[in-house]
Amino acid sequence: MIEEKIASLNLSLPSPPKPAGSYIPVVQTGNLVFVSGQIPVRDNKVEFQGKVPTDVSVERAQEAAKLCVINILAQLKSEIKSLDKISRIICLSGFVNSAPDFADHPKIINSASDLLYEIFGEIGRHSRISVGVSSLPLNSTVEIDLVVEVSRP
Amino acid sequence: MIEEKIASLNLSLPSPPKPAGSYIPVVQTGNLVFVSGQIPVRDNKVEFQGKVPTDVSVERAQEAAKLCVINILAQLKSEIKSLDKISRIICLSGFVNSAPDFADHPKIINSASDLLYEIFGEIGRHSRISVGVSSLPLNSTVEIDLVVEVSRP
Amino acid sequence: MIEEKIASLNLSLPSPPKPAGSYIPVVQTGNLVFVSGQIPVRDNKVEFQGKVPTDVSVERAQEAAKLCVINILAQLKSEIKSLDKISRIICLSGFVNSAPDFADHPKIINSASDLLYEIFGEIGRHSRISVGVSSLPLNSTVEIDLVVEVSRP
Numbered sequence: 000m001i002e003e004k005i006a007s008l009n010l011s012l013p014s015p016p017k018p019a020g021s022y023i024p025v026v027q028t029g030n031l032v033f034v035s036g037q038i039p040v041r042d043n044k045v046e047f048q049g050k051v052p053t054d055v056s057v058e059r060a061q062e063a064a065k066l067c068v069i070n071i072l073a074q075l076k077s078e079i080k081s082l083d084k085i086s087r088i089i090c091l092s093g094f095v096n097s098a099p100d101f102a103d104h105p106k107i108i109n110s111a112s113d114l115l116y117e118i119f120g121e122i123g124r125h126s127r128i129s130v131g132v133s134s135l136p137l138n139s140t141v142e143i144d145l146v147v148e149v150s151r152p
Numbered sequence: 000m001i002e003e004k005i006a007s008l009n010l011s012l013p014s015p016p017k018p019a020g021s022y023i024p025v026v027q028t029g030n031l032v033f034v035s036g037q038i039p040v041r042d043n044k045v046e047f048q049g050k051v052p053t054d055v056s057v058e059r060a061q062e063a064a065k066l067c068v069i070n071i072l073a074q075l076k077s078e079i080k081s082l083d084k085i086s087r088i089i090c091l092s093g094f095v096n097s098a099p100d101f102a103d104h105p106k107i108i109n110s111a112s113d114l115l116y117e118i119f120g121e122i123g124r125h126s127r128i129s130v131g132v133s134s135l136p137l138n139s140t141v142e143i144d145l146v147v148e149v150s151r152p
Numbered sequence: 000m001i002e003e004k005i006a007s008l009n010l011s012l013p014s015p016p017k018p019a020g021s022y023i024p025v026v027q028t029g030n031l032v033f034v035s036g037q038i039p040v041r042d043n044k045v046e047f048q049g050k051v052p053t054d055v056s057v058e059r060a061q062e063a064a065k066l067c068v069i070n071i072l073a074q075l076k077s078e079i080k081s082l083d084k085i086s087r088i089i090c091l092s093g094f095v096n097s098a099p100d101f102a103d104h105p106k107i108i109n110s111a112s113d114l115l116y117e118i119f120g121e122i123g124r125h126s127r128i129s130v131g132v133s134s135l136p137l138n139s140t141v142e143i144d145l146v147v148e149v150s151r152p
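Chains as they are written, first to last, in numbering that gives the first Met the number 0: chain V, 0 to 152; chain G, 0 to 152; chain Z, 0 to 152.
By construction, these hints were calculated from the structure, which means they are not laboratory data.
Glycine residues also receive a C-beta, built at the ideal position from the N, C-alpha and C atoms.
Careful, some of the hints might be misleading.
Each pair of labels, with its calculated beta carbon distance range [what the hints assert, rightly or not]: (1) G:D42 - Z:L8: 54 to 64 Å; (2) V:S7 - G:K4: 46 to 56 Å; (3) Z:I122 - V:S150: 23 to 33 Å; (4) Z:R41 - V:P99: 24 to 34 Å.
Using 27 Å as the maximum straight-line C-alpha spacing, the simulated DSS-like pairs for lysine-lysine come out as follows [stated by the list, open to error]: (5) G:K65 - V:K106; (6) Z:K106 - V:K65; (7) V:K84 - V:K4; (8) Z:K84 - Z:K17; (9) G:K17 - G:K84; (10) V:K76 - V:K4; (11) Z:K44 - Z:K80; (12) Z:K65 - G:K106; (13) V:K106 - G:K17; (14) G:K84 - G:K4; (15) Z:K65 - V:K17; (16) Z:K17 - G:K106; (17) V:K80 - V:K4; (18) G:K65 - Z:K17; (19) Z:K106 - Z:K4; (20) G:K76 - G:K4; (21) Z:K4 - Z:K76; (22) G:K17 - V:K65; (23) G:K4 - V:K106; (24) V:K17 - Z:K44; (25) V:K44 - Z:K106; (26) G:K106 - Z:K44.
Short derived list, chain V residues pointing at chain G, Cβ under 10 Å [what the hints assert, rightly or not]: (27) V95; (28) P99; (29) N138.
When you get a sec, could you build the whole thing from the sequences and use the hints?
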């Protein structure tokens with residue numbers, strides 16, 4: 000059902016990106032599932048690099064944030080098999096690679112939050128932090144991690 | 000009881016600030032409650048803006064951190080109705096908008112931690128991270144999020 | 000058993016460092032244990048200070064990240080008494096004090112992730128975020144926090 004919703008938005012889940020380090024993408028404890036920070040990788044290449052707004056516009060950074068969400072969902076699907084097991088999106092952390100005087104982080108991370116709401120509806124509404132950071136792995140423009148709740152099998 | 004304690008400190012809980020984006024302020028899973036990152040907003044205006052120590056002194060930033068805690072408690076009250084349901088403060092993340100050579104983040108975030116201890120006593124003692132970031136939403140001086148444990152209804 | 004493993008790696012757990020502020024190092028809720036952000040302190044002194052790569056090389060920062068893990072384990076042991084109670088490492092957040100153009104954060108935080116895997120084996124594999132920040136408490140080079148799952152007593 001969730002995957003049909005994703006398809007109806009003209010989106011599709013890629014093979015999940017390989018971690019950029021010696022950790023794993025998804026860990027479950029009880030009915031909480033932690034997803035490692037995802038960066039805007041597509042086809043093994045970081046598609047959005049540099050700082051907002053100097054290297055990358057707010058609009059492009061919004062695309063980057065959406066791509067992070069797509070990668071998060073791809074990681075989740077790979078691990079828990081069906082996204083329909085998700086009973087609630089709990090919290091999202093959004094890190095924006097930004098110039099020191101940037102202040103519009105919510106606009107960027109909103110595109111991630113909005114996409115989760117579009118896909119999951121009410122259970123997609125989540126708590127959130129968004130902050131600006133001075134640099135990110137592989138010069139990514141955005142990094143997003145997520146905690147979700149799943150119904151126990 | 001907790002609200003009496005808050006009043007005895009000459010503090011009061013405002014109407015909870017509206018999220019600066021498309022997410023919600025509080026999400027509960029099991030007996031854990033996640034509160035979205037709060038910024039030093041009062042009466043719909045960001046009262047503390049800019050970086051420590053260049054734009055904002057450590058003392059003012061401490062006030063900002065306390066205001067974030069007040070807003071967190073306002074959000075919690077609005078969602079779980081009574082702060083007396085809180086059985087433990089679990090963890091706090093404090094992000095300080097700071098100049099690259101700033102090193103006194105604990106002094107600032109301590110004012111948030113101290114306030115939680117004053118209000119909640121022993122169950123207010125929590126784990127914590129505090130980091131310096133290069134920018135924050137709406138040029139806020141501090142952003143703080145919190146996870147608390149509630150007794151099940 | 001875990002402590003024997005630590006000894007076999009020629010490492011030892013120090014007395015846990017005192018928090019650099021008014022919070023506590025470890026909080027448990029249910030079978031989740033949250034460890035406060037640890038910095039590269041040894042014998043009450045911050046051993047690794049400054050930014051990567053300008054003040055501190057990647058190699059030195061990797062040592063700093065390992066020291067953070069050692070301090071995390073020392074904090075955990077002090078609180079839960081035996082590290083053998085840990086049933087899973089859940090998630091690690093790694094904050095690297097870095098120059099604005101730094102992009103190799105995973106290399107640094109990998110040394111922390113690798114060490115956890117060496118010590119704990121399969122249950123040491125965890126989810127992770129790693130980000131670059133513009134400053135850290137006491138000018139530390141790295142700050143790392145951890146969430147672990149313990150078997151209930």
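Here is what the structure says about each hint:
As the Cβ distance of D42 (chain G) to L8 (chain Z) is approximately 55 Å, the hint placing it in 54 to 64 Å holds. The hinted range of 46 to 56 Å is satisfied by S7 (chain V) and K4 (chain G), whose Cβ atoms lie roughly 50 Å apart. At about 24 Å, the CB distance of I122 (chain Z) to S150 (chain V) agrees with the hint of 23 to 33 Å. At roughly 32 Å, the beta carbons of R41 (chain Z) and P99 (chain V) sit within the given window of 24 to 34 Å.
Between K65 (chain G) and K106 (chain V) the CA atoms are separated by roughly 26 Å; this keeps the pair inside 27 Å, and the hint holds. Among the hinted pairs, K106 (chain Z) with K65 (chain V) is consistent with the structure: their alpha-carbon atoms are about 26 Å apart, no more than 27 Å. The straight-line distance between the Cα atoms of K84 (chain V) and K4 (chain V) is roughly 14 Å, inside the 27 Å bound, and the hint therefore holds. Distance hint between K84 (chain Z) and K17 (chain Z) is fulfilled; the C-alpha atoms sit about 23 Å from each other, no more than 27 Å.
In summary, the hint linking K17 (chain G) to K84 (chain G) is supported, as the alpha carbons are separated by about 23 Å, within the 27 Å threshold. Annotation: proposed proximity of K76 (chain V) to K4 (chain V) holds, straight-line Cα distance about 14 Å (limit 27 Å). Taking the CA atoms of K44 (chain Z) and K80 (chain Z), the gap is near 25 Å; set against the 27 Å cutoff, the hint holds. Between K65 (chain Z) and K106 (chain G) the CA atoms are separated by roughly 26 Å; this keeps the pair inside 27 Å, and the hint holds.
Under the criterion of a C-alpha separation no larger than 27 Å, the hint pairing K106 (chain V) with K17 (chain G) is consistent with the structure, at around 15 Å. In summary, the hint linking K84 (chain G) to K4 (chain G) is supported, as the alpha carbons are separated by about 15 Å, within the 27 Å threshold. The straight-line distance between the Cα atoms of K65 (chain Z) and K17 (chain V) is roughly 23 Å, inside the 27 Å bound, and the hint therefore holds. Between K17 (chain Z) and K106 (chain G) the CA atoms are separated by roughly 15 Å; this keeps the pair inside 27 Å, and the hint holds.
Restraint check for K80 (chain V) and K4 (chain V): the C-alpha separation of about 16 Å stays at or below 27 Å, so the hint holds. For the proposed pair K65 (chain G) and K17 (chain Z), the alpha carbon gap of about 23 Å is at most 27 Å, so the pair holds. About 24 Å separates the Cα atoms of K106 (chain Z) and K4 (chain Z), which keeps this hinted pair within 27 Å; it holds. Restraint check: the Cα-Cα separation between K76 (chain G) and K4 (chain G) comes to about 14 Å, which is no more than 27 Å; the hinted pair holds.
Using a Cα cut-off of 27 Å, the hinted pair K4 (chain Z) and K76 (chain Z) holds, with the two alpha carbons roughly 14 Å apart. The hinted pair formed by K17 (chain G) and K65 (chain V) meets the criterion: a straight-line CA distance of about 23 Å does not exceed 27 Å. Between K4 (chain G) and K106 (chain V) the alpha-carbon distance is near 37 Å, which puts this suggested pair outside the 27 Å criterion. This hinted pair does not check out: K17 (chain V) and K44 (chain Z) have alpha carbons roughly 37 Å apart, beyond 27 Å.
With a CA separation close to 18 Å, the supplied pair K44 (chain V) and K106 (chain Z) stays within the 27 Å bound. For the hint linking K106 (chain G) to K44 (chain Z), the alpha-carbon distance of about 18 Å falls within 27 Å, and the restraint holds. For V95 (chain V), the interface hint holds, the least distance from its beta-carbon to any beta-carbon of chain G being 8 Å, beneath 10 Å. A cut of 10 Å between beta carbons decides the hint on P99 (chain V): the least distance to chain G is about 5 Å, and the hint holds.
Taking 10 Å as the C-beta contact cut-off toward chain G, the hint placing N138 (chain V) at the interface is violated, the least distance being around 15 Å.
The earlier numbered hints that this structure contradicts are 23, 24 and 29.
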